[in-house]
Amino acid sequence: MSEHSRRAKVRFTRRRVITAAATLGVGAAAASVTGLSLAHDRRGKGAGVGENFVVHVRDAKAGALDIFVGTNRIQVRDKDLAARLALAANG
Amino acid sequence: MSSHREAPEISKDPVADSTDLYAFVSPDKPNTVTMIANYIPLQSPASGPNFFEFGDDVLYAIHIDNNGDGKPEVSYEFRFTTELRNENTFLYNTGPIDSLDSPNWNRRQFFSVTRVDGKGKRQVLAKKLPCPPANVGKLSIPDYAKLADDAVHKLKTGEVVFAGQRAEGFFVDLGSIFDLGTLRPFQQLHVAGKAVFKEAGKAVNATDQTNVHSIAIQVPLSYVRKGGKSSYRGRDQESVVGVWTAASRQQVLIRGRRDDLDVGPFVQVSRLGNPLFNEVIVPVGQKDLWNTLEPSEDKRFANFVEQPELAQLLPVLYPGVFPNLEAFNKTKKARADLVAILLTGIPDGIIEGFQNNTGAVQADMLRLNTAIPPAKEPNKFGVVGGDVAGFPNGRRVADDVVSIALRAVAGATLPLVDKAFKADDAAAAVEQGLSAADVTAPFLDRFPYLGVPYDGFSNPS
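As given, the protein sequences belong to chains F and L, one line each in that order.
Position 15 of the first sequence, counted from 1, bears residue number 15 in my numbering, the numbering being contiguous throughout.
Convert by adding 1000 to the 1-based position in the second sequence; the result is the number in my numbering.
What the hints contain is simulated information worked out from the structure, not anything from laboratory work.
Errors might be hidden in some of the hints.
Quick list of simulated restraints, FRET-style, between CB atoms [to be verified]:
(1) F:A88 with L:G1175: 51 to 61 Å
(2) F:D59 with L:A1145: 53 to 63 Å
(3) F:V49 with L:E1087: 23 to 33 Å
(4) F:V49 with L:K1121: 36 to 46 Å
(5) F:Q75 with L:V1339: 57 to 67 Å
(6) F:D59 with L:I1351: 35 to 45 Å
Per the computed footprint, the stretches of chain F lying under chain L, defined by three or more beta-carbons under 8 Å from a beta-carbon of chain L, are [stated by the list, open to error]:
(7) 62-73
(8) 76-88
Below, simulated SDA-like cross-link-like pairs (lysine to any residue); rule was C-alpha separation at most 20 Å, straight line [said to hold, decoys possible]:
(9) L:K1119 with F:K61
(10) L:K1226 with L:A1371
(11) L:K1121 with F:T71
(12) L:K1121 with F:L81
(13) L:K1119 with F:G48
A virtual CB, placed ideally from N, CA and C, is assigned to each residue, including glycine.
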């Protein structure tokens, strides 16, 4: 099992997380998606099959997204993707 | 307290809340250094059915800087996993626990140790080392001391490690100090207390008979020193290391109905170097920020060390007791003594035969001159009491860090760097009125040094 998938597995405990917003400038809102193609923007290997990842649209207008996978945060800039996610978020 | 619940956000996350950090040349093995990082504050021993344990979702670390840049050259990381033998009982244990693999012990915890060098190279030193259980009570665990001894692990690489519950060794009169800065031995002199108290009071150890969770590691001196030398002279700057502990969580949590998902990079949520730094020096509006930063960032907090709020308060709280400190405060001069003690270490030439300076980078680290041998007769006031093997040269388990900090802030150390300043008589006398004798569980004379945790059957009593 890779380091990424090991860290990303669901955990035994249920506990509150305090996000270090001051350090990394992460806001409160996050969009969770499954099965979304990130091929044109991803760096490195990307998420493994069946691996959970979380997408945070930081600035939909600018197309600024963060993808949280394993123990990594991947920054993506894609206005079209952000617009489609924003549309999906509106139901 | 030293760092128990010292910032608003971490006070809501006790599993990741660092409470105390100790670093000292081991008195029984002076060729090694012992570092102990405590987490999970103020545990009531009677806490069933879900007893205290480390967080499986927390990355715990002890960092060592040996080149003065406020960044780690050596880190030891600790991760925990919890295993449940039987999901169909509400019990922590179903009978007496007489060994670390007892079938009667239902919810067990294990840990791994990873060493990381300054370039990020990782070496897993051990996996699935058993922690001892929480001290449930004398019927559940008839011989806790032996069980805890069995949980001291000597690694093939030379380190000795322990992770588990211990008796709280930090002593503090918390109730009085945070009641308008009252010190019971001097309560009759307090600005508000003099209307209430006619004489001195006896201090109360507010943390007595509580437990903590300790991560302790003992390593050869050469493992942490710059250049890996086994021998240095006390005046060699290379003999000094800076130590701090940190806890981190993954940045994203998605709560599930049954399971949670943790994902993303680890971000720091708790930090501790010198006791009381974030608690007393950093203002409340920046405490949470401070917890997210590395010591190399601490220059931004230097003004709170140069002009500490507590130094301003002492003459107000105790009118007429600190006239010289009050006069110095009015000059607005920076407290160079406190900057040296907390942010750079004390340079050579200030205190005869002693230095623990790491250079110009201002960083809150517990600085230890590893070439200073353990004291034969330790003084609880450490360097302020003439014992250079104690705080702020590292920190031993029995050092009275509250009183040392009080004396330093009150001006006792200011003449070291400002010959024109004469400390008030009270600066050398002020103390909280407690000592290691006020800790019910005795300290051990061997690793992991903190006492056997209080058991839930007998405490509270």
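Results of checking the hints against the structure:
{"no.": "1", "hint": "F:A88 with L:G1175: 51 to 61 Å", "result": "holds, 54 Å"}
{"no.": "2", "hint": "F:D59 with L:A1145: 53 to 63 Å", "result": "holds, 58 Å"}
{"no.": "3", "hint": "F:V49 with L:E1087: 23 to 33 Å", "result": "holds, 29 Å"}
{"no.": "4", "hint": "F:V49 with L:K1121: 36 to 46 Å", "result": "violated, 30 Å"}
{"no.": "5", "hint": "F:Q75 with L:V1339: 57 to 67 Å", "result": "violated, 38 Å"}
{"no.": "6", "hint": "F:D59 with L:I1351: 35 to 45 Å", "result": "violated, 54 Å"}
{"no.": "7", "hint": "62-73", "result": "holds (count 6)"}
{"no.": "8", "hint": "76-88", "result": "violated (count 0)"}
{"no.": "9", "hint": "L:K1119 with F:K61", "result": "violated, 38 Å"}
{"no.": "10", "hint": "L:K1226 with L:A1371", "result": "holds, 13 Å"}
{"no.": "11", "hint": "L:K1121 with F:T71", "result": "holds, 16 Å"}
{"no.": "12", "hint": "L:K1121 with F:L81", "result": "violated, 36 Å"}
{"no.": "13", "hint": "L:K1119 with F:G48", "result": "violated, 27 Å"}
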